[in-house]
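Count along the sequence shown from 1, add 17, and you get the number used in my numbering.
What the hints contain is simulated information worked out from the structure, not anything from laboratory work.
Treat the hints with care, as some may be off.
[Unchecked claim] Across the chosen pairs, the derived CB separations fall in these ranges:
| id | residue 1 | residue 2 | range |
| --- | --- | --- | --- |
| 1 | L184 | V77 | 25 to 33 Å |
| 2 | Q243 | A293 | 31 to 39 Å |
| 3 | V135 | G270 | 40 to 48 Å |
The beta-carbon is built from N, C-alpha and C at its ideal position, and this holds for glycine as well.
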Amino acid sequence: MDQALERRLGPVVRALLWTAVGGYLSFVLGGQMTGTSAAPLWLRLAPVVPLTLLALLGLVHRAPRHYGALGLAALAWLELGIFLNGYARPEGLSWILPAYTLLPIAASPIWLKRRHFVAAAVICTLLGPLPLLWLEPPGPWQMFQYADYMVIAVVVAAVLNGYQVRLIRQHLELEERLRLRADVDELTGVATRARFLEQARSLLIKAIDSGTSLAVLYMDADHFKQLNDNHGHAAGDAALASMGHILREHLRGHDLIGRIGGEEFAVLLPGLDAEAARATAERLRRAVTLQRSAGQALSISIGVAAHGEETALEPLLARADQALAAAKRGGRNRVEVAG
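From just these sequences and the hints, can you work out the full model?
Structure below.
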């Protein structure tokens with residue numbers, strides 16, 4: 018979740034890094050036009066170089082783990098720049114106080130880790146202003162202003178930061194729930210039809226490229242309509258949920274299981290030939306026959322098709338479906354292998 022948060026925040030971090038470059042240039046030029054500083058102009062402009070490099074690094078290194086370090090480095094250079102521009106000005110602390118108090122609020126959106134927020138607060142409230150406060154001790158009223166405004170700025174930054182992180186987390190959780198609803202069948206816990214077909218096509222291409230075996234099982238719950246009609250849809254849902262559980266429990270972790278529609282399921286078995294797939298199908302069939310729903314015994318018919326010359330998924334599924342139809346014609350509760 019944290020990495021997803023940081024990835025989502027990437028554009029904001031990059032935008033703020035470039036904003037820092039432009040904002041600092043504006044600050045220096047504004048100070049140059051309105052007064053003087055003990056530091057020469059070239060020295061006051063010097064932080065533009067590292068700030069620009071940090072902004073460029075934000076474009077090149079987009080790994081989420083770098084965002085906190087980039088933000089803290091930019092914040093430190095901004096604090097140094099504010100000091101250079103405010104040192105020995107006639108207005109004293111009052112001229113740069115707005116800049117000092119603006120930074121915690123402006124930077125608040127980019128801190129997703131608590132340690133980064135704490136480090137930023139320390140830089141903004143102590144490390145940045147400390148040299149100026151030491152070299153040019155302010156009067157009591159100016160010191161009160163600084164302390165009061167800085168506390169307000171940090172509190173506002175904490176509120177904004179906490180609200181944003183919570184909002185992004187809620188948004189990501191909602192996206193994850195929607196993704197699961199699109200990818201996972203809620204009743205059976207297996208892949209939806211669309212997700213199954215998408216992944217099955219990828220697995221088939223891998224099998225063709227690597228020359229490995231691959232087989233498909235196509236199965237259908239026997240007498241499902243009768244179960245629904247006699248005992249209600251709740252019994253039918255319970256039967257489907259039980260089938261989904263059995264498939265997940267008895268198949269390998271890398272086997273692909275999907276609910277194709279209604280009471281029909283499909284399974285893709287990477288690395289298995291026809292005989293191994295048939296043995297797997299028999300094991301599943303026996304496991305299902307041990308289950309009951311609304312007092313009625315459950316059973317399934319399964320069609321098996323091993324990958325041959327097919328270069329697309331649909332012909333392979335069609336062969337497995339034909340084998341399933343043969344199993345039903347043969348009396349149901351059986352496994353048939355496509356020729």
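Hint by hint, here is what the structure shows:
no., hint, in the structure
1, L184 - V77: 25 to 33 Å, "holds (29 Å)"
2, Q243 - A293: 31 to 39 Å, "holds (33 Å)"
3, V135 - G270: 40 to 48 Å, "holds (41 Å)"
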